[in-house]
Each structure stands twice: as structure tokens, then as C-alpha cells.
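J.: Listed here are the chains, written in short residue letters.
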Amino acid sequence: MTWVDVINHLPALPEGIVLVGACALMIFDLQVKAENRAATLWGAQIVLTLAAATTLFVLWVGGARYLIFNGLFVVDAMGHVLKLVSYAAVSAALIYSRQYLLERGLLRGEFVTLLLFSLLGMMVMISAASFLTIFLGLELMSLCLYALVALNRDSALSTEAAMKYFVLGALSSGLLLYGMSMIYGATGTLNVYEVAQHAGRLARAPADHTFLVFGLVFVVAGLAFKVGVVPFHMWIPDVYQGAPTAVTLIVGSAPKLAAFAMTMRLLVNGLIDLAQDWQQMLALLALLSMALGNITAIAQSNLKRMLAYSTIAHMGFMLLGLLSGVVAGNRLNMEGAYSSSLFYMIIYVLMSLGAFGMLLFLSRAGFECENLDDVKGLNRVHPWYAFIMLLLMFSLAGIPPTAGFYAKLAVLSAAVDAGQIWLAVAAVILSLIGAFYYLRIVKLMYFDEPKDMTRAVGSSGFRYALSANGLALLVLGILPQPLMAICFLAIQAL
Amino acid sequence: MLLSLAIWVPILSGVLVLALGGDRRAPLQRWVGLVGALAGFLVTIPLYTGFDLQDPGFQFVEQKAWIERFSIYYHLGVDGISVLFVLLNSFITVLVVIAGWTVIENRVGQYYGAFLVMSGLLNGVFAALDAVLFYVFFEGTLIPMFLIIGVWGGPNRVYAAVKFFLYTLFGSLLMLVALLYLYNKSGGSFAITDWHRLPLPLSAQILLFFGFLFAFAVKVPMWPVHTWLPDAHTEAPTGGSVVLAAILLKLGAYGLVRFSLPILPDASRELAWLMIALSLVAVAYIGLVTLVQTDMKRLIAYSSISHMGFVTLGFFIFNAYGVEGGLVQMISHGFVSAALFLCVGVLYDRMHTRMIGDYGGVVNTMPKFAAFMMLFAMANSGLPATSGFVGEFLVIMGAMKASFWLAFIAATTLVLGAAYTLWMYKRVIFGAVANTHVAQLKDLNPREFIVLAALAAAVLLMGVYPLPFTEVMHGSVNELLRHIATSKY
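So the protein sequences, as listed, match chains W and D.
Residue numbering for the first sequence is 374 to 867, as defined by my numbering.
Residue numbering for the second sequence is 873 to 1361, as defined by my numbering.
In case anyone wonders, no lab produced these hints; they're calculated from the structure.
Bear in mind the structure is a predicted one, so any value in this text is a computation, not a measurement.
Wrong hints could be hidden among the right ones.
Below are the SDA-like pairs computed for lysine to any residue, each with C-alpha atoms no more than 20 Å apart in a straight line [claimed, not checked]:
1) D/Lys1057 / W/Asn706
2) W/Lys749 / D/Asn1028
3) D/Lys1057 / W/Asn703
4) D/Lys1057 / W/Ala672
5) W/Lys749 / D/Pro1027
6) W/Lys537 / W/Met607
7) D/Lys1057 / W/Lys824
8) D/Lys1314 / D/Phe1302
9) W/Lys749 / D/Lys1057
10) D/Lys1057 / W/Met707
11) W/Lys824 / D/Lys1314
12) D/Lys1035 / W/Asn706
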């Protein structure tokens, strides 16, 4: 291996840093006493900062697309954006979950290690240019997440959730793999860019390409499992509710970005010529998710479960952008549509982090904030955090001037541009139904009297991070242009 | 610059009030709130004095790129139709701040903060010339109003707040789809003025018309989507009812004038029969419903629906009398309904009941109050020399030009309006002193006196000399009528 080889592979340096960092922290943590565990967390933050810095460095050196490791690995603008948001999400997760885990005796070294390895899996997924690397990243991420869900091994609920997550996750991986093997059979290659060439030729040829579409169906089903849309959503409510809230926060944030990246790589980079086929499937998935997610969320009394159904609904909404890219073979709408979905994803991750972060903030030793009643009268006890939660809820409901509104606006605009007006109307009516349960939280916080006046105590770092998280939604709501432009550029370079 | 000030001065002073913290600082928060509201009102005065009567287009225009990705602009401007509402809103905000001075003891900062932020947002709705900017302000007002009703409202406030929110959100989300459709058809522009020139086939116009209609009809509110209003008005605190009736209801009618009529002229003409029919139902049927109300706030709320029916009727008979009459009626209703809600508030603060049956003979203990309320009751029933008369008279004249029977049904409001208002007035104010509580009532204090006197002056000025109000609109109304008369396909 020459120096030239090393330099050529520099775009994968962030992955290297996370890998080395995770291993080093694992060893380092063995030497650390339980009361000094904060050092491990700081170490993880340093790893994340370094990874972010190198990602920015790679971005700065050259914005072009690099294919390295024999075309297994692609480094492009969309990958950079998604990775940077993932670092931020993981970093926030570390800050938010520290106290919660500490109070429950769950703050062990393996939490940090598993988290960093799952981040590595996500990064590989985000940058994967071949079915092999996609699957490798996916499994690395998922296995770490299964273990994290079972972190509290004495809790029957957590163990059950982890079991369900594992079984259904394995099933979906199987579906995905089966679909990939079909596509491999039809095209004779595992590289998504080569698949795109062959699939384009097959799709245009008069010959039968049922085989390819057959594989596509399985791939879409597998993706739907990972993104969590109806009818492949069954694991979400149980996992969200059963996992310790700190882990729910992790499961509900960065992995969504990785799943989005995987969808973009497989469907857009690889199978764009079959867009007519998969767009119809996504339309059905989107409609069902928005309907089931929003309607079922109303009936929930458990906040985590409610947010789980809200995730399902949001993922359905996000799909509206993905299915609006190609109109009757015309790809003019592509950049606008996919960048709106990317924007939606990033905003959603911000909101999800904030909402679960708030639950962690309000939980304390011996008390889990997880039922609707637990936020009653929050305005009396913590006016400022009630306001942050208000911003989060209105953003989730898509009310201006919060960022959630622009996410919905962008996606709906893409759908209308693609002529999917009735789908847009349906989405709008279903999100009205959704507004009801977000509004109920605001109602509980502001209109009801608190059950008890115990004040939550969070470290100052936690409180600042949470406030910044909530206010970011307001700031992005007033000035959404920069992030929208970044998303647009990222998709343009795809 | 002026319009930006009109929007941001109240919002920033609202944020400042909120930042001052909890109820320990309540006196300071009140004063900051008052200064903010007054400053907000003062910056709107040059909008009127500097208004060019000869120019029917938009004035004080500001335009900056906001979201380039969707070519959305921070685009503000007022014409003869909207400038008066900016003034009305800023004026009413000052009164609301004074009216809540001692009444609100609980979470004072949040109360004043919510009102000031809302005042700025409402100015934004009237000044926005970009559809997304309009939508952001239009929807943004929901959040403070939701909290105002839900936190400081009456016993059934939660139900009312949620109903208010979901009703209005439903309407506006459909409007959002309509806006996106227009954006797509106009080749990527959210500028309302571009849409005025956009050719559209009749079928699309009709669908868009309904898209807008849901949003605006809920806000107006038109029969049959009016049912949120009596609940919201009744349960809201006095200040909330005042802003709801005086300003928030105007958003719907304003939206019809700004979007539906000029952008969809053919659909408007095609569906005028429907709008007129709904308006007449509101005028006549809701007028009858108003008669039987036993709760004073509910009575005024229903009378608001009936009066707003007049406004929509005026818009859809497509002549200058009708449209100007509708606009004048909107302003007048802003003064009168605000005044009546404040009067009920004055009584409620003393007696803690809104039921007509609990009162009687109030004139014996509160003569000054009785005199003011007399004036506002007269204005509500449209007596000449009060502001209520001008609008109703113009609309009836306009209706007469269109059809005699239309005018005839519309004119029933004069009878019904007088009946329900004066009958309520008689039962509450006159007669023997009903009970010991009434016997112990104290007359208006100086703070209440100032608020009611300011509104009384406005009502009388507008009734006796309406020219300052109407001359501003002439140019823009004629421009609007020209748009309606031109077919777009």
C-alpha cells in the first residue's frame, strides 16, 4: 500500500476515526472507575468532534463524488450532510441521556461503545455504494441497537422490546437481502451505479423485466421496515415504549437518517428507472402510514408510544417527497422533491431529539416521565421548558413559524408539483388529525394544574442543549433558507 | 420600514415582557406591555397620514428575499383595504392591554406577551403580499389565541380552545394546498399580485375557491362552520373576546377580498349565489338564534356572526356600495363588538356572571356605564349617527341594486339586530334592581372609562363623518372591482 493509496482513501477518514475511537474508548473504559465514567462520555464527544472536523475537511478539500474501496464506498455531498447531522444527533443523545442512565445504573462503558459502533454502521450505510456495504452497515447499526434496547436487562419490557426488534429486524434484513439478490440476478452487479445502468437498459428494453420488479418489491418492503412505515411498522411502538427512554431517543433519531440514505442509494441511485413502479408502492405506504400513525396516536396514553405512532406518520409524510421525483419519466422535479424529503428528515430528527430529550429531562430517579399525565401543568413548574416543549409540539404538528411547517411545505410543494394533488389533500387532512394529539400535550402543559411541583434537575449542559434544540426549530422556522439550500445542493450533487 | 415596525415592535415588546419572568415582576410587565402597545400604535399612524389616496396599488412596500429555494419573499405592503385594519388592530391592542390591567392577576407576563405577539402577527397578516408570509402570520396567530383562551378563559375553556384551534387549522391546511397549486401554476411565484394576473380555467378556479373558502369561512365565520365561535368567544377572557371579535374575524373576510375575489373572479361570480345564500342564512337565521341567548357574551358572539354575514353579502354583490359597505362594516364591527365585550367584561369583573337573568336595574348603580353601553347597543343595532349604520346602509343599498328581495332579507337584520341588542340592554340595565349584588355595584373606574370613551369616540366619529374611513378605500375597491369584472380564462 503506497502513500497515494492512503491519500486516495482519506475521504473515509471519519469512519476510521469513529472506529478507532470506539475501540480506544472500549479499552479506556475498562480502566475507569464507575464514578469517573464521565471521562468516557467526554471521550466520545471528542471522537464525534474529530469525526465532524474531518468530514468538514473532506467536504472542504473537494465537494466532488469519490468512489473508493473498488466502488464499494461513495463519499458525496448528501453523505456529508447526513453524517454531520448524525454526529450532532449522537452527541445530543450522549448529553441528554447521561443523567437518566446514571440514575438507573445503566451508565456503563458498553453504552458508549455500542452507540459509537452503531454510528459507524450508520456512516457506512450513508456512504455505501454497493449492496454489500449497505448490508454491512445496516447489520452493524442494527445489532448495536438491539443490544442497546436490551441495555436494562432486568426489565422484562425492555427485553421483550429488544426481542421483537431483533426478530422483526432480522426478518426485514432477510427481505432486503432477498430483494438485493434478485436484483443482482437481473443485473449481474452489486454496485448501485452499475445496477442503475443495467436497470435502465432493462427497463427501456421491450423484454420482460418482471424479475427486476420482483426484487424491487422485496427491497421496498425491507426499506419500509427500516424506515418504519405501515404495514411494516409493528416493531416501532413496542420498541419505543419498551426501550429505556435514552435508547428510544437514539433509535428515533440518527438511524432514521441512515435509513433515508439507504433508501436514496437503493431507489434513487440504483433503481431510478423503475421509479414508476416504486413510486406507486411508496404512495400506498405513505398514505397508510399517515392514516394509521395519526389516528392511532390519538388513542395513546403513553407519551413514548404516542411519539412512536407520530414517527410512523412523519415517515409517511417524508415519503411524499420521495415519490414525487419522477413524473411520467420526466426527472425535472427530482432535485426539489428529494431535497424536500432530506430537509424533512433533518427537521424530524431535530424534533424527535428534542421531544425525547424533554422526557429525559423530566424523568428523575424513581420516576419515568412517560405518560400524558406526567407533563400536566408543566407551565407552572418550568415555564421555560414548557415553552420549548410547545415549540416542539407545534413543530411536529407543522404550525408556522416553526421549522416543522417548512418541512411540510417543502414536501407538499413537491407533491403538488408532481401533480399528486389528491395525495397532498389527504396528507393535509391526516396531519390535521395529527395536530390534535400534539395539541393535547400543549393543553396538558398549559391548561391543567400540575400533579406535583417537583422540579426537574438537569446539568447545565443538558439544559442548554435542550433549549438550543428547541430554539433551533424556531430559528429554522424564521430562517429556513440556509438549511434548504444545503439540502438542495446535497441532492444536486447526488 | 414602517410596516416592519408595525409588525416587529409589538412582537419584540411581547418577547421582552415574557423575558421579564414570573408574576413577581407583574407591575413592570404591565407597563412594558403598555409602552409596547402604544409604540406599536404610534408607528402605524404614519401609515394613515402618509397614505397616497390617488394610488390604488400597494404602498409602503418592502421586499427582501427570504427563502430563495421557493422564491418566497419578505414582501409587505398595504393598500386602501388593508391599511385600516393595521390601524384598527394596533388601536384595539392598546385598549386590550389597558382593559386587562387589574383583571389579570395570574401569569401576567404570559398574558401580555401573548397579546403583543399576536398583535404583531395580525399586522403581518394584513401587510403580507407573499402568500407564504401571509400563511405564516395567519397560522401563527393560532398559537397565542389558543393559549389565551385555554389559560385565562372561563370554565369550559379547554373544549373551546381545542375546538377553535382544530376548526381553523382544518381550513387553513386546505388553503395551503391551494396556495401550492397556485405556486405551481404561476411558474414558481408566491407573490399575490402575480396571481391576480394568472389565467386559470373555471374548473380549477372553482376547486381553488373551495380550498380558500374553507380557510376563510371558518375564520369569518360563515354559517354552517360558525359553531366554534360562540364557544371560543364565551370562554375567552375579555381581552381575548375583544381581539377575536374585533380583529381575528376580519382575517377571513380580508382573505376573501385579498385572495378569492381578485385571483378567482370567475369562480367568485359563478358561486356568488352560494355565498349570498350562506350570508343571508347568517344574517336572518343567526339573528333569530341570537334573540334567545341567555348569556351576554354568547349573545354578542352570535350577533357577530350575523353582522359578518352582512360583510360577506356585501362582497359578493360585486358593486362599489356592497364592497365598501362590507369593509366599513368590518371596521365598525371591530369597534362595536370590542366595546360590547368590554362592557360585559366590566360587569363580569364585578359580578362574575354573564347570565342576563342575574342582572337588572344596573342603571341605578352604574349610570355612566349604562350611558356608554346604550351608545354601543345602538351602534350594534345600526342606528343612524353611529358607525353601525354606515356599513349596513351601504350594503343594503348595494343589495338593492342587485335585487329587491335580497335587500329585503338583508334588511331584516335592522329589525332583528335592534330586537336582540335592545332587549338584552333592557333586561340588564333597566327595571328594578334585581338583587343585592346589583345594588352593591360600583360605577366605572377611570381606567374603564378611558377605554370605553375611546371606543365611543371612534363609533360616533365613524357614524357622523365616515369620509376619513371611506376615502382611503375608494381607489383600491375600484381596482378590486375591475379585477372581478375581468374574466381570467
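J.: With reference to the structure, classify each hint as holding or not holding.
T.: Against the structure, the hints come out as follows:
1. D/Lys1057 / W/Asn706: At roughly 14 Å apart (the allowed maximum being 20 Å), W/Asn706 and D/Lys1057 satisfy the hint.
2. W/Lys749 / D/Asn1028: Holds - the C-alpha atoms of D/Asn1028 and W/Lys749 are around 18 Å apart, at most 20 Å.
3. D/Lys1057 / W/Asn703: Between D/Lys1057 and W/Asn703 the Cα gap is close to 17 Å, so the pair holds against 20 Å.
4. D/Lys1057 / W/Ala672: violated, 40 Å
5. W/Lys749 / D/Pro1027: holds, 18 Å
6. W/Lys537 / W/Met607: Status holds; Cα separation ~9 Å.
7. D/Lys1057 / W/Lys824: violated, 53 Å
8. D/Lys1314 / D/Phe1302: It holds: about 16 Å lies between the C-alpha atoms, which stays within 20 Å.
9. W/Lys749 / D/Lys1057: violated, 46 Å
10. D/Lys1057 / W/Met707: Holds: D/Lys1057 and W/Met707 sit about 18 Å apart, inside 20 Å.
11. W/Lys824 / D/Lys1314: violated, 39 Å
12. D/Lys1035 / W/Asn706: Violated. D/Lys1035 to W/Asn706 sits at ~38 Å, over the 20 Å cutoff.
Hints 4, 7, 9, 11, 12, counting from the list given before, are not met by this structure.
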